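S.K.: Given the coordinates of chain P, assemble chain F onto it according to the supplied hints.
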Amino acid sequence: MIQYSYPSSAFTKIIISLFVMLMFVFSCKKDNDKKPPTLNLISESGFIADSTVVAIGFPYRIGITAGKGDAAITNLVVTLTTENGMETALDSGMYSSDFSYIRNVSYGASKFEKWSFTLRDKNGKSASTSITVLKDLTSAFGPITTYSSVKLSAQDDAAGNSFFSVASGNLYTEQNAEANQSDINIITYYGDLLAPSTEFTLSSPGESDVATFYPMIANWAIPKNETRYKPDSLSIPQIVFDAAYNDSIIITNYTSATIGKRKFKTVRAGYVIPFQVTIGPSSGKRGLIKIKSIQEGTGGHIIADIKVQK
Amino acid sequence: MTALKFFLLILLLMPVYIYAQEIKGFVYENNGNVPISTANLLISGTSLGTVSGNDGSFTLKIQKSGQVRLVVSHISYTTTTQTLNVPVSGLKNIIIRLDLKTSEMAETVITATRTSKKINELPSSVRLITAEQIKEMPSTAIDDLLRTEAGINVDRKNGIFSKNASVNMRGLNSSARTLVMLDGVPLNKADGGGVNWNRVNTESVDRVEVVKGPGSAMYGGNAMGGVINIITKDIQAEPAGSVKVSLGSCNTQGAQAWLSGRTKKLPKLGWSINSFYRRGDGYIIAPEDQRDSTDVKTYLWEYNVGGKLAYNINENSKLEVGYTYFDDKTGDGTRVYDPEGGYYKYRTNHAYATYHGYIGKTQITANAYMQLENYMNQKEQLKTEKTPPYAITQYVLYLTDSHRNDGGMWLSATVKAGTNHKFTYGSDIRLSGADASDIYFTSTDTINNKGKMNAIAVFVQDEFSMLNNRFKIVAGARADAVFFSDASFTIAAPSVTNSYMMEYTGAYEDKSWLAVSPKLGARYDLNHSNSVYVNYAAGFRPGTLDDMCRSGSISKGFKLANPELEPEHLHNVEAGGFFVINKYFKVEPSVYYSLGNQFQYFVGTGDTVYSTSSPKAILKRENVSKAAVTGIEATLRVNPGKSLELTFTYAYNHSVIKSFDTVQFVAKDLSGKFLMEVPKNRFTTMLNWKNKYFNSMLVYEYTGSLYTDDENLVEMPAYYRFDAKISHVFARYYSLSLTIQNLTNNIYTDNKGNLGISRFIMLEAGYRF
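Protein sequences, first through last, are from chains P and F. Take 1 as the starting number for the first sequence in the working numbering and just add one per residue. Take 1 as the starting number for the second sequence in the working numbering and just add one per residue.
Some hints here could point you the wrong way.
Claimed, not checked - Over 10 Å on every C-beta distance to chain P, these chain F residues come out as not near it, computed from the model:
(1) V154
(2) L259
(3) L309
(4) K329
(5) Y355
(6) Q394
(7) Y395
(8) T442
(9) V496
To be verified - Incomplete in silico selection of chain P near chain F, CB under 10 Å:
(10) N75
(11) M86
(12) G93
(13) Y95
(14) S100
(15) R103
(16) S116
(17) T118
(18) G124
(19) D192
(20) A195
(21) T198
(22) I259
Simulated from the structure, these hints should not be mistaken for lab results. These numbers come from a predicted model, not from an experiment. All C-beta atoms, glycine included, are put in the ideal place defined by N, C-alpha and C.
So here's chain P without its partners, still in its complex pose (with noise of 0.2 Å):
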């Protein structure tokens, strides 16, 4: 007869607290155990040193490499932190195991430029730098042009210019628009065909609603003139920007770190509205639109005086 033998009481508990321990041991990897992503400035030739002292409106670039830790990395921050506060250059979503990023940028009108870039994984893992480029105290700003009351029309307006050229200053009708669509960045529209609709609204060539209400826009050549809009309209007053005589005001409100819009929706009398022209030959040229009145409609106008970088 075969004899079975137990294990004593004092066997099983000691297995059991075994087995329990181990299961703690190697259960979940903890939170503080997650490797982070790696982000890393690129310091090659061509690229901006640390505490390099520039002048105004000087062209740099700055960049990074990221790497990921032990999950993908999902967002990327880029910030700019000037003597007027933190703008955010960049937040973007993304699923990624390693990718470079470089920003070719040009020196506003602060003592001090800090760009900062977070990384951000799926775990909530996170790694950044930053760099700061210095102002040349001596530097001075650059000469703008100014076009005075400006009259731009609404859509229904056939014999209104809706077309304006920022280099030269020209107007366009719907009907001349055509033979010099190199030559446009702004375009105005009242957006009542639009869900929701919008009022009288700033667009440019390479605007996704425009064709919308200008139909030939949609056959124009690519890459179609874009400008951009930055959304906040009430920050500079408009005594501060009837005595701008350089872009010291343009380039304080609209920084390399302006994140603009394609077009700006519904514009009211005393908005001055900062704009870059982002694509196109006049690319980089930035300024400021002050409305001076408007009339609302289809058929409607905005008197405005537009400032821009020479």
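M.R.: Same frame as chain P, but now just chain F:
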């Protein structure tokens, strides 16, 4: 002449002599003096017989005195045979009592009144789905069992791959308007009002009780359309159990188990454990002509493990504790870069303790429970430009991580007063809260909302009878005081994408309100088989925490939290009955009219938010409308023979918005529009055929057309489906079954353009002891 007269006299008296003796008496139900009509009385071995009248009385004439065997039978009662010694003078006032058949006796429910009550004694429409029916029905989830009930609309378009099922009743849309309980514990969550049907192990369920019409007088919030109580199997005295494994379409595999018994050393201590596991590859829900690389199969895995312990303190009192853990993950059918893609996930811990016992002659039931749910929903989206070449403008990956706690305790006491009254009274405390975050992986934002909804309630009920128990009345009322508190909506580290919501952040003021819900019903037994009832009942539903403290994008626009949201109320009057037409046909009709006040709807505030993607209208859930539901329900049961049973149900609902407050709110007038997602007509047929080779059930379900939007602009066409199950038990303990859902492969496309599940086949093998 004298001889002739004598001869004629003999001829005249001959019939009297032939039927010289009479047996007179009454047929009653074994418990009480409920007369049984249409009982068949037959003298064994003869063709002499009669049928009992409405009052249960009968008169049976027999040929001669002496011993006879009287066989008494009825469709609803067990047949009895009595040996009678009939004297020459006959028998008078004999009482014959019949026992209800087991199936009829089983039709005792506890949900309608919180007391054990036979269905045919209740002044309302009540249904019971028994353990036998659960085994036989072609179901793959617990809510599938409700498909064949009149007045219940089950929406589980993706079959087992549905994130969850939606069950609504009595012409009222929204799962939050139907109270669902598991062993008396509410499963509706205060956060969204819905129920996670997936977490219930069908193998552990003993029966499902359905009380149609408002039940707030006993159970408080959510019980507007009705109450569904899922009751799990009791602990068994002897070791018992069942194990099942299954294989199905879409590479689905599963297993279910339930075991129960008592310990030998501690015979007063009983136990049961149950568990299930299921996984499947799913299918692609996007229509074939609209698919792109981001459309993937809706995968599924889920499991549950639970158990309970019961200790019999003495013959009349018992303490029971139980715990269940559920975990699942269902793909939403999209995947861009992340290996998990978009998914839904529930993790639920559910614990309870119940005491049943007596204090003197008062029966006490006390229950404390806690349900902790962690709901997670990962979304992965690629946003593109609206015009060609549709360039990708944004990639978004975020996780909604919501922690919901719904706990409470209730105490119910029942005492008999005199012979005709039974009083039930008690109190109910509910403590609910939600703390949710939208955690963006592709930006810095974490959007938080939280709030608490606590309630304290008292209820009272009297059940009494008159006219020799033929006239039964149930009256009751409940008062709920509800407190909304500690609510806020905040955003941590807002990015450009979500910074537009910052102006809506902040803490909300506390709020409280009171709801009183009465009920009154009466039932009159025309005879034993036929009865009629009328009732009035009120119901209410509080606003959900999601509506009261969460702001964010929804498909219609931008939803703004409304902490001022009031509960909606419903008043319902109903008349119905139970009629046995003959031994083959039974019919249960009912008609009802419900009037809802302060119904909650999304209305525009007149403002627009400008997010980075597009302008969105701001919407708020408000108490804006009155709704009216006129409904008819009927269930016809046909029993042509022992082996065949047919059940037909039909429900008609005319559910409309009666008035809409466009003066106070900026909104389109929806007066006269039909409530969305409520079919006007619904019809089911259930055929159950048993023979010595197999049991089989065929279910046909027709759902009429319905609107999927408040403005009644989008009408989904009517659809039908056939489900079938065939099963065989062999060697007493073993079983094999084949379930086919959507037999005709009739694929439904929902209002979001997603495909419903195609034909789904599941093969199960089981062992039961």
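S.K.: Hints first: check each against the structure and report whether it holds.
M.R.: Okay, the hints, checked on the actual structure:
{"no.": "1", "hint": "V154", "in the structure": "36 Å, holds"}
{"no.": "2", "hint": "L259", "in the structure": "22 Å, holds"}
{"no.": "3", "hint": "L309", "in the structure": "21 Å, holds"}
{"no.": "4", "hint": "K329", "in the structure": "16 Å, holds"}
{"no.": "5", "hint": "Y355", "in the structure": "32 Å, holds"}
{"no.": "6", "hint": "Q394", "in the structure": "6 Å, violated"}
{"no.": "7", "hint": "Y395", "in the structure": "4 Å, violated"}
{"no.": "8", "hint": "T442", "in the structure": "2 Å, violated"}
{"no.": "9", "hint": "V496", "in the structure": "5 Å, violated"}
{"no.": "10", "hint": "N75", "in the structure": "5 Å, holds"}
{"no.": "11", "hint": "M86", "in the structure": "13 Å, violated"}
{"no.": "12", "hint": "G93", "in the structure": "2 Å, holds"}
{"no.": "13", "hint": "Y95", "in the structure": "3 Å, holds"}
{"no.": "14", "hint": "S100", "in the structure": "18 Å, violated"}
{"no.": "15", "hint": "R103", "in the structure": "17 Å, violated"}
{"no.": "16", "hint": "S116", "in the structure": "13 Å, violated"}
{"no.": "17", "hint": "T118", "in the structure": "8 Å, holds"}
{"no.": "18", "hint": "G124", "in the structure": "8 Å, holds"}
{"no.": "19", "hint": "D192", "in the structure": "14 Å, violated"}
{"no.": "20", "hint": "A195", "in the structure": "9 Å, holds"}
{"no.": "21", "hint": "T198", "in the structure": "8 Å, holds"}
{"no.": "22", "hint": "I259", "in the structure": "6 Å, holds"}
Violated hints, listed in ascending order, are 6, 7, 8, 9, 11, 14, 15, 16, 19; each of the other numbered hints is respected by the structure.
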